[in-house]
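J.: The lines below spell out each chain.
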Amino acid sequence: MIGFLLPKFAWLALLALSPIAIHLLNRLRLQRIDFSSLQFLREVRRERFNWLRLKELLLLIVRTAVLLFLFLGLSRPFVRLDRPGTRREVSTVLILDDSYSMRYGTTWERALDAARNYLNQLTATSEAAILTTTTQISGLSRNRQQLMTALDSLTAGWQAHDLSWALERAPQLLADALLPRQEIVIFTDLQQRSLAPLIRNRNLPATIFVRDCGTQDWKNCAVTGVTFREPLPEPQRPTRLVARIRNYGTQAENRTLTLQSSGTVETQPVRIPPNSETRVEFEKEFSQPGQHTGTVSLDQDSLPCDDQYFFALSIPRRLPVLLIGDDPNDVHYLARALAPDSEGFFAVTVRNSPGLKAADLNQFKVIGIANPARLTLLDWQRIEQYLRQGGGVFIALAREPAEEGFLARYGRISTGVRTSGFVTVSRVNYQHPIFQVFEHRADVSIPRFFSHVRFEPINADVLSSFSDGSPYLLESRTERMIIATCDFNPSRTDLVFRALFVPLLHRIFTYLGQEPFTRNYPVGDTITVPAPPVGLLRVRTPEGEFNIAAASEERSDRRSVKFRDTRVPGIYQLGADNFAVNVRSEEGDLTRFAESDLSRNGITILKDHAPATNDLTQLLLTLAALFLIAEILLLVL
Amino acid sequence: MDSYHRYLKPEVIAKLKRIDLKARLVVEGFLTGLHKSPFKGFSVEFAEYRSYLPGDELKRVDWKVYAKTDRFYIREYEEETNLKAYLLLDCSGSMAYASAGVSKLEYASCLAAALSYLLLKQKDSVGLVTFAHRLENYIPPRSTPAHLRVLLHTIDRLRPAGTTNVAQTFHMLAERIKRRGLIVVLSDLLDDREQVVNALRHFRHRKHEVIVFQILDPNERHFLFKGPAVFRDLETQRELILDPRAVRREYQSSFAQFFDEFRRRCGESMIDFHSVTSDTPFDRALLAYLEKRRRLG
Numbered sequence: 001m002i003g004f005l006l007p008k009f010a011w012l013a014l015l016a017l018s019p020i021a022i023h024l025l026n027r028l029r030l031q032r033i034d035f036s037s038l039q040f041l042r043e044v045r046r047e048r049f050n051w052l053r054l055k056e057l058l059l060l061i062v063r064t065a066v067l068l069f070l071f072l073g074l075s076r077p078f079v080r081l082d083r084p085g086t087r088r089e090v091s092t093v094l095i096l097d098d099s100y101s102m103r104y105g106t107t108w109e110r111a112l113d114a115a116r117n118y119l120n121q122l123t124a125t126s127e128a129a130i131l132t133t134t135t136q137i138s139g140l141s142r143n144r145q146q147l148m149t150a151l152d153s154l155t156a157g158w159q160a161h162d163l164s165w166a167l168e169r170a171p172q173l174l175a176d177a178l179l180p181r182q183e184i185v186i187f188t189d190l191q192q193r194s195l196a197p198l199i200r201n202r203n204l205p206a207t208i209f210v211r212d213c214g215t216q217d218w219k220n221c222a223v224t225g226v227t228f229r230e231p232l233p234e235p236q237r238p239t240r241l242v243a244r245i246r247n248y249g250t251q252a253e254n255r256t257l258t259l260q261s262s263g264t265v266e267t268q269p270v271r272i273p274p275n276s277e278t279r280v281e282f283e284k285e286f287s288q289p290g291q292h293t294g295t296v297s298l299d300q301d302s303l304p305c306d307d308q309y310f311f312a313l314s315i316p317r318r319l320p321v322l323l324i325g326d327d328p329n330d331v332h333y334l335a336r337a338l339a340p341d342s343e344g345f346f347a348v349t350v351r352n353s354p355g356l357k358a359a360d361l362n363q364f365k366v367i368g369i370a371n372p373a374r375l376t377l378l379d380w381q382r383i384e385q386y387l388r389q390g391g392g393v394f395i396a397l398a399r400e401p402a403e404e405g406f407l408a409r410y411g412r413i414s415t416g417v418r419t420s421g422f423v424t425v426s427r428v429n430y431q432h433p434i435f436q437v438f439e440h441r442a443d444v445s446i447p448r449f450f451s452h453v454r455f456e457p458i459n460a461d462v463l464s465s466f467s468d469g470s471p472y473l474l475e476s477r478t479e480r481m482i483i484a485t486c487d488f489n490p491s492r493t494d495l496v497f498r499a500l501f502v503p504l505l506h507r508i509f510t511y512l513g514q515e516p517f518t519r520n521y522p523v524g525d526t527i528t529v530p531a532p533p534v535g536l537l538r539v540r541t542p543e544g545e546f547n548i549a550a551a552s553e554e555r556s557d558r559r560s561v562k563f564r565d566t567r568v569p570g571i572y573q574l575g576a577d578n579f580a581v582n583v584r585s586e587e588g589d590l591t592r593f594a595e596s597d598l599s600r601n602g603i604t605i606l607k608d609h610a611p612a613t614n615d616l617t618q619l620l621l622t623l624a625a626l627f628l629i630a631e632i633l634l635l636v637l
Numbered sequence: 001m002d003s004y005h006r007y008l009k010p011e012v013i014a015k016l017k018r019i020d021l022k023a024r025l026v027v028e029g030f031l032t033g034l035h036k037s038p039f040k041g042f043s044v045e046f047a048e049y050r051s052y053l054p055g056d057e058l059k060r061v062d063w064k065v066y067a068k069t070d071r072f073y074i075r076e077y078e079e080e081t082n083l084k085a086y087l088l089l090d091c092s093g094s095m096a097y098a099s100a101g102v103s104k105l106e107y108a109s110c111l112a113a114a115l116s117y118l119l120l121k122q123k124d125s126v127g128l129v130t131f132a133h134r135l136e137n138y139i140p141p142r143s144t145p146a147h148l149r150v151l152l153h154t155i156d157r158l159r160p161a162g163t164t165n166v167a168q169t170f171h172m173l174a175e176r177i178k179r180r181g182l183i184v185v186l187s188d189l190l191d192d193r194e195q196v197v198n199a200l201r202h203f204r205h206r207k208h209e210v211i212v213f214q215i216l217d218p219n220e221r222h223f224l225f226k227g228p229a230v231f232r233d234l235e236t237q238r239e240l241i242l243d244p245r246a247v248r249r250e251y252q253s254s255f256a257q258f259f260d261e262f263r264r265r266c267g268e269s270m271i272d273f274h275s276v277t278s279d280t281p282f283d284r285a286l287l288a289y290l291e292k293r294r295r296l297g
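If you read the sequences in order, they're chains A and B.
First residue of the first sequence? That's 1 in this note's numbering, and the numbers climb one at a time after it.
First residue of the second sequence? That's 1 in this note's numbering, and the numbers climb one at a time after it.
Because the hints were derived from the structure by calculation, they are not lab data.
From a predicted model like this one, the values you see are computed outputs, not experimental measurements.
Please note that the accuracy of each hint is not assured.
As the list claims (entries may be wrong) - Some chain B residues judged to face chain A by a derived CB distance under 8 Å, without partners named:
1. 172
2. 174
3. 175
4. 261
What the hints assert, rightly or not - Examples of chain B residues toward chain A, derived with CB under 10 Å:
5. 52
6. 54
7. 95
8. 240
9. 258
We put the beta carbon where it would ideally sit given N, CA and C, even for glycine.
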């Protein structure tokens with residue numbers, strides 16, 4: 001199909017008929033001259049006359065051709081190549097990759113333009129549907145205007161979806177297609193991550209085309225996460241914020257990283273080697289307890305949506321801790337280590353086992369149980385419920401508890417308590433938040449342990465071990481619980497006299513005292529919060545404020561609110577709690593599929609920058625010039 | 001305006017009064033005129049003696065020479081006689097062509113009128129022959145002054161028509177005109193060159209002096225038409241569509257070559273060939289010719 005970029009000039013091509021018209025008019029208006037004798041005219045050679053007639057005809061043709069090609073060339077004609085949907089009826093599904101990698105530069109705009117151009121190429125009887133990676137925008141329709149309007153309403157998303165859902169949905173739509181020829185056209189940036197499902201599922205009942213709207217030479221850095229060195233930052237105490245930055249590109253990047261939180265701004269330069277991750281630490285002090293939010297951001301590149309990372313945390317004024325122990329020696333040092341005075345971060349309450357029954361466990365963030373030999377089954381059931389509600393529990397064993405059933409889920413306690421000699425801590429997992437701060441700074445092997453419970457873990461991770469190989473500290477894999485196989489009675493360990501003791505307990509209890517829920521979500525996830533006792537839950541999102549009614553949870557009488565509309569990154573406030581929603585940083589890896597891989601799998605690639613048409617302008621203008629030269633030569637001859 | 005005043009305007013006459021047209025070649029004639037006769041008869045100017053031959057008239061014997069020599073000698077004299085001129089005027093259709101207002105026939109007619117006046121002034125006899133495809137008019141030569149009006153009247157009534165057949169007319173005239181005279185051809189000569197030259201040679205064979213005035217229109221010589229046109233032959237009515245600009249050069253070359261050959265052939269036969277174009281005032285053309293002729297003797 002031929003089209004014109006400047007169709008008005010195409011109409012001027014009718015002027016090419018003017019030489020013919022002039023020729024005919026001249027014929028009609030030819031002057032009649034009575035001449036004395038045609039004798040000498042006839043003496044002009046016959047072949048000369050033939051040549052003159054031929055020359056006249058050639059000039060007519062040449063002049064017509066010059067005007068024709070000139071005006072046609074100026075009208076910028078093009079021939080639409082045999083692309084999907086052109087010149088034939090087709091039922092087609094357009095899949096627009098709206099993952100956030102499409103926000104790179106003008107990729108999304110190019111994809112929309114390509115989709116519009118594709119729709120314009122369809123015949124009137126063709127039908128088309130539009131899908132994104134997660135949503136059906138339009139079913140199969142012949143209403144071109146409706147489809148265009150649907151395209152106009154689309155924006156690139158913030159999510160990191162691949163094409164799995166769309167590739168599953170497209171054949172379902174084509175099952176109801178009216179036309180025999182069926183196509184699926186994917187408008188994407190050829191990101192490997194997005195297209196991987198296409199390679200896995202290439203046996204689709206339609207011809208597949210991929211329209212490359214991406215950029216060959218891309219580069220991108222992203223802030224992939226923010227964590228704190230301390231599991232639970234304390235007010236008025238410096239904490240270290242660690243930002244992870246990843247360079248997905250093939251060239252090193254020099255960028256500037258900015259931390260904004262609680263009204264303060266701090267920047268640091270950062271150099272990120274190619275295809276690697278770098279960590280940058282900021283020292284931050286939160287002067288006040290309560291909810292805090294902030295951002296860590298890079299100076300913007302061509303994909304700005306992963307250059308910023310939001311974080312939210314809640315800093316308690318104090319951490320209420322319940323210590324349970326029957327032998328004063330079991331809890332004395334424990335209590336002193338956590339709360340040497342009444343003003344410390346930990347608000348420690350000490351109870352013995354009978355006192356546990358009267359205690360409202362929900363008032364405490366962490367329960368420490370020293371030597372739980374006297375806890376009853378009922379006690380353990382209450383602790384179990386407490387754990388389910390998100391509380392943290394620390395258990396220091398001196399001997400096997402009376403009720404073994406509770407601890408049996410985490411391991412097997414063997415009898416035999418060391419009675420002679422001592423062991424030390426020989427192996428430590430310094431990657432664990434409890435021990436991170438001690439790496440290269442403290443010698444954890446100094447304390448001696450004269451007796452401990454031998455514990456073989458089943459459903460727990462060993463955080464540190466004794467020199468005899470038996471575990472010292474274990475962490476439950478299912479609940480927020482730390483088990484120490486030795487208590488803090490001086491008769492059993494001199495840890496209580498070591499400098500390591502207080503900071504170790506602080507780390508353990510702050511670790512256990514973290515909020516039981518995360519405040520950081522990826523875009524698209526559901527935030528669940530307890531419903532307010534009365535009324536609606538007020539929600540503030542980056543897009544605005546509104547109220548949500550609570551919904552009952554299944555299997556319990558607890559009312560909660562599930563907020564699902566987290567499609568935009570930013571800080572969300574649900575009631576009194578802040579949450580940070582961030583993009584999934586792996587979508588920032590724009591590594592493209594090799595075209596050879598796609599072609600090998602029978603997928604046709606349509607380059608966005610390659611012309612879908614053949615521009616005839618140059619050809620026609622060249623022809624016009626050639627014919628003009630021919631005219632000049634004919635006139636000279 | 002009568003034909004006399006139309007063709008012989010006072011200024012023309014004034015110019016012609018000062019010049020005459022002498023025959024270059026000896027011509028025969030009866031009356032006393034300007035032209036030398038080949039015959040030695042009674043005259044006022046002694047030419048030469050020759051021996052008596054039986055049959056000569058005794059009255060021509062110079063008796064004084066006899067007395068001295070006892071031999072019979074005849075006196076021969078240079079005898080001036082009158083000229084018989086024939087004006088051959090082409091009135092074929094091609095002579096109607098006029099690009100600048102004056103047709104070739106009109107031009108030729110003026111020339112013929114001027115020549116008639118000149119010759120009659122010289123007491124020569126002038127006859128007129130008009131022709132196209134065939135002989136149209138034949139007026140025998142006379143030398144009376146009144147004959148001029150007869151000639152002019154005939155010239156005035158001429159209308160160009162018909163095709164050209166110069167050769168046939170000339171051959172017929174050559175046979176018809178017995179005595180030597182002056183043949184003045186006033187034509188465009190747009191006919192078969194070989195036949196025309198042969199016909200002119202026929203006149204020369206008959207000892208006539210031949211002067212050819214080729215009368216052309218400037219457009220005929222240069223073909224200065226612009227733009228494509230349908231050209232129609234005035235004689236044959238045949239048409240030809242062409243662009244003059246495309247054939248001009250060839251036409252001019254062909255035309256020039258044709259008449260250069262014509263001139264050369266006429267020169268070889270001692271035919272005085274003179275080409276004039278109708279954009280030149282005829283009197284100027286004629287006077288120029290006569291002056292040149294006079295200088296060349």
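J.: Against this structure, judge whether each hint is valid.
T.: Verification of the supplied hints:
no.	hint	verdict
1	172	violated, 23 Å
2	174	violated, 24 Å
3	175	violated, 27 Å
4	261	violated, 12 Å
5	52	violated, 59 Å
6	54	violated, 58 Å
7	95	holds, 8 Å
8	240	holds, 5 Å
9	258	holds, 7 Å
This entry does not satisfy hints 1, 2, 3, 4, 5 and 6, going by the numbered hints stated previously.
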